Amino acid sequence: MQRLKSSITLGLGLLAGSSLFAAEPAPTQVGFVYVSPVGDAGWTYQHDQGRKEMEKAMAGKVKTNFVENVPEGADAERVIRQMITGGAKIVFTTSFGYMNPTEKVASAFPDKFFFHATGYKTGKNMGIYNARFYEGRYLCGVIAGKMTKSHVAGYVAAFPIPEVLQGINAFTEGMRSVDPKAEVRVIWVNSWFDPGKEREAALTLISQGADMLTHHTDSTAVVQAAEEKHKDNANLYSFSYHSDMSKYGPKSCLTGTTHLWGDFYTRTVKEVLAGTWKGTNVWGGIKDGMIKLAPLNAAVPEAVKKDVTKLEKEIKEGKRHPFAGPVVAQDGKELVPKGRNMTDAELGAMNYYVKGVASTLPKN
Amino acid sequence: MAPGLVSAVLFATIVAGTPLILTALGELVTEKSGVLNLGAEGIMSVGAVAAFAVTLNTGSPLLGIVAGMVAGMAMSALFGFAALTLQANQVASGLALSIFGVGLSAFVGKPYESQTLSSVAPLKIPLLSKLPVLGHALFEQQALVYFSWIMLAVVAWFLYRTRWGLVLRAVGETPVAAHAIGYNVLRIRYLAAIFGGAMAGIGGAFLSVFYTPLWVEGMVAGRGWISLALVVFATWRPLRVMLGAYLFGGAMITQMFVQGSGIRLDIPAQFLSALPYLATVVVLVLISRNRSTIRLNSPASLGQPFMPDA
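Order-wise, the sequence lines are chains D and S.
According to numbering that gives the first Met the number 0, the stretch in the first sequence is residues 0 to 363, in order.
According to numbering that gives the first Met the number 0, the stretch in the second sequence is residues 0 to 309, in order.
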């Protein structure tokens with residue numbers, strides 16, 4: 000009984016305490032919702048790096064927290080709602096499937112701010128952001144085209160959505176810009192994360208002649224499979240995605256397309272805190288520092304390095320677009336005529352393979 | 000298909016099916032004693048992380064397998080304590096074990112997420128591995144693949160050819176009768192559950208040390224659940240469990256080879272990835288459609304607690 004009494008007193012004290020605290024200026028709470036565990040590499044890891052950078056840059060003014068492994072759908076809405084009722088003023092939701100839940104919570108809390116990655120729904124207090132992953136893919140494709148001996152690249156992909164297709168097509172365009180004979184084979188594993196399946200897909204592609212491998216899935220399995228098979232075929236290489244995975248493929252991982260979200264997070268939170276935020280629809284690429292190639296492996300010849308650096312600069316300066324016309328579809332139809340670049344709207348609606356992809360796109 | 004391709008598909012099929020066989024055989028023995036342990040996913044996860052950690056620190060895959068096995072046994076002993084000693088609901092305890100195991104493995108495995116293991120060389124069987132087509136696929140595999148075949152024979156022999164196999168099945172059918180003639184039902188069920196845990200732990204070890212080889216949270220990716228389903232669809236017959244596991248692996252690998260080959264097909268991607276599940280269920284249901292044999296093979300007291308004193 001005594002214990003019960005004291006806990007009641009303690010509870011009351013806490014209540015009183017919290018209302019007192021509200022008067023003091025506290026750091027703004029910023030929440031992050033992650034679709035997978037943070038881990039050591041991958042999509043969520045990059046977002047978490049961005050979160051940490053932002054927190055460091057805004058030290059004292061901002062406090063962050065995150066919830067990982069949140070399923071897309073109804074659970075996400077609960078998590079976002081909980082973050083807001085827990086005191087968060089800004090919430091970043093970092094996966095496509097959080098779009099509708101984010102929108103729902105955003106309309107319920109008009110004085111809070113929401114940012115959704117890779118989606119397309121915006122609102123008065125809801126912004127969207129994404130990165131031009133395909134720019135990095137194009138550069139990787141160029142390296143692949145220069146390095147391949149079998150003229151076959153293998154691509155392990157998750158789901159046939161525009162973002163993934165942009166990557167496959169940009170890689171293909173890049174590869175064929177230097178090796179017109181090259182073809183890209185794609186295996187869909189229909190999962191963002193299943194290391195066993197990803198590895199099997201990589202091994203399948205290798206056994207079918209691919210000597211350049213890359214993936215649009217979340218684990219490091221493809222890079223590791225390539226590293227293992229590199230012993231049998233010295234010209235077998237891989238390109239990582241999301242993160243620099245060179246430590247999983249020290250000999251065979253040539254480079255990778257990495258995402259850098261830190262600057263964007265810092266800028267956005269600053270704008271919101273200063274009250275200058277006027278809506279976000281960011282689709283940043285190499286130019287904005289949101290996409291970067293991982294350091295090139297020593298196996299990449301000096302001449303190729305030079306070419307890639309030059310290309311990277313051209314993309315940065317807007318002189319080169321991975322989807323500069325003519326862009327031709329797999330069936331030979333011209334999608335973008337010579338003389339103009341693919342527009343953002345066209346990119347966003349991508350649902351086809353370009354010429355040079357040897358696989359058939361599964362119906363969706 | 001070229002012989003090289005057949006060999007490659009077959010090889011990958013066997014690799015993909017092996018963790019399922021190991022786990023499902025263990026579960027089969029557990030269920031035959033009347034205990035339904037739904038914790039396979041969690042046990043595999045814990046087995047995977049334990050095996051990975053030990054292999055990384057000692058450099059010995061064998062010790063890794065032992066660690067996975069011991070971890071699996073510990074997990075199933077925990078289940079046994081809840082479901083057998085305390086007689087909690089088996090379904091609920093098993094589900095809890097699954098969730099607990101997946102979480103525990105993630106927690107314990109955090110420091111190992113960035114680590115890599117060098118892959119273990121396969122065990123070539125002399126002469127046999129020189130056979131055309133089949134040699135590479137069947138006899139240049141990891142030692143655990145052969146182990147899964149041996150265990151299949153051992154489990155089948157034990158269940159249907161030994162006295163203790165008969166006792167175990169009797170415990171699964173009518174624990175009251177087995178108890179009445181003097182068998183310690185709880186002890187037998189404990190042993191069966193712990194055997195199941197050991198096998199699932201080895202299945203997890205195969206995943207993290209031999210198959211991928213890496214450890215990341217969630218890497219078991221539903222294979223524990225598939226193993227559970229295999230046992231039911233195979234109507235508790237060991238050989239059918241193996242058939243189902245290879246069918247599942249084979250359907251998955253074949254659809255990948257078809258995709259990678261660039262053959263034209265107008266099939267939705269979602270259907271392709273559902274195919275392994277579909278094919279396995281359809282085939283196993285077809286070969287096991289005889290209702291009386293289902294009744295004969297399924298342990299009558301599956302999932303029901305037994306109170307010795309009652």
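Calculated from the structure, these hints are not laboratory results.
Please read all numbers here as calculations on a predicted model, not as lab measurements.
Note that the Cβ used here is the ideal one computed from N, Cα and C, for glycine as well.
Errors might be hidden in some of the hints.
As the list claims (entries may be wrong) - In silico SDA-like links for lysine to any residue, alpha-carbon gap of 20 Å or less:
hint, chain 1, residue 1, chain 2, residue 2
1, D, K180, S, I262
2, D, K180, S, G261
3, D, K250, D, K332
4, D, K228, S, P121
5, D, K230, S, T115
6, D, K230, S, N56
7, D, K246, S, G261
8, S, K109, D, D243
9, D, K148, D, V299
10, D, K228, S, H135
11, D, K145, D, G347
12, D, K332, D, K312
13, D, K228, S, Q114
Stated by the list, open to error - Example chain D residues on the side facing chain S (calculated, C-beta under 8 Å, incomplete):
hint, residue
14, P36
15, N189
16, W191
17, D193
18, P194
19, G195
20, T203
21, S218
22, A220
23, E227
24, K337
25, G338
26, T359
As the list claims (entries may be wrong) - Label pairs and their calculated CB-CB ranges:
hint, chain 1, residue 1, chain 2, residue 2, range
27, D, Q81, S, R290, 45 to 53 Å
28, D, K103, S, V175, 23 to 31 Å
29, S, L94, D, A298, 46 to 54 Å
30, D, A73, S, D265, 42 to 50 Å
Hints versus structure:
1. D:K180 with S:I262: Between K180 (chain D) and I262 (chain S) the Cα gap is close to 19 Å, so the pair holds against 20 Å.
2. D:K180 with S:G261: 16 Å, holds
3. D:K250 with D:K332: Roughly 40 Å between the alpha carbons, so the hint for K250 (chain D) and K332 (chain D) is violated.
4. D:K228 with S:P121: 14 Å, holds
5. D:K230 with S:T115: 16 Å, holds
6. D:K230 with S:N56: Not OK: K230 (chain D) and N56 (chain S) at ~24 Å, beyond 20 Å, violated.
7. D:K246 with S:G261: 32 Å, violated
8. S:K109 with D:D243: 19 Å, holds
9. D:K148 with D:V299: This hinted pair holds, its Cα atoms lying about 14 Å apart.
10. D:K228 with S:H135: With Cα atoms ~16 Å apart, K228 (chain D) and H135 (chain S) stay inside 20 Å; holds.
11. D:K145 with D:G347: Violated. K145 (chain D) to G347 (chain D) sits at ~29 Å, over the 20 Å cutoff.
12. D:K332 with D:K312: 30 Å, violated
13. D:K228 with S:Q114: Cα-Cα ~18 Å, so holds.
14. P36: 4 Å, holds
15. N189: Constraint on N189 (chain D) satisfied, holds at 4 Å.
16. W191: 10 Å, violated
17. D193: 4 Å, holds
18. P194: It holds, given that the least Cβ distance between P194 (chain D) and chain S is near 5 Å, below 8 Å.
19. G195: Holds, about 6 Å.
20. T203: The hint holds - T203 (chain D) has a Cβ within 8 Å of chain S, the shortest such distance being about 5 Å.
21. S218: 6 Å, holds
22. A220: At 6 Å from the nearest chain S Cβ, A220 (chain D) passes the 8 Å test, so the hint holds.
23. E227: 5 Å, holds
24. K337: 28 Å, violated
25. G338: Violated. Min distance 31 Å.
26. T359: 5 Å, holds
27. D:Q81 with S:R290: 45 to 53 Å: At roughly 49 Å between Cβ atoms, R290 (chain S) and Q81 (chain D) fall inside 45 to 53 Å, so the hint holds.
28. D:K103 with S:V175: 23 to 31 Å: 55 Å Cβ-Cβ, so the 23 to 31 Å window is violated.
29. S:L94 with D:A298: 46 to 54 Å: 49 Å, holds
30. D:A73 with S:D265: 42 to 50 Å: 33 Å, violated
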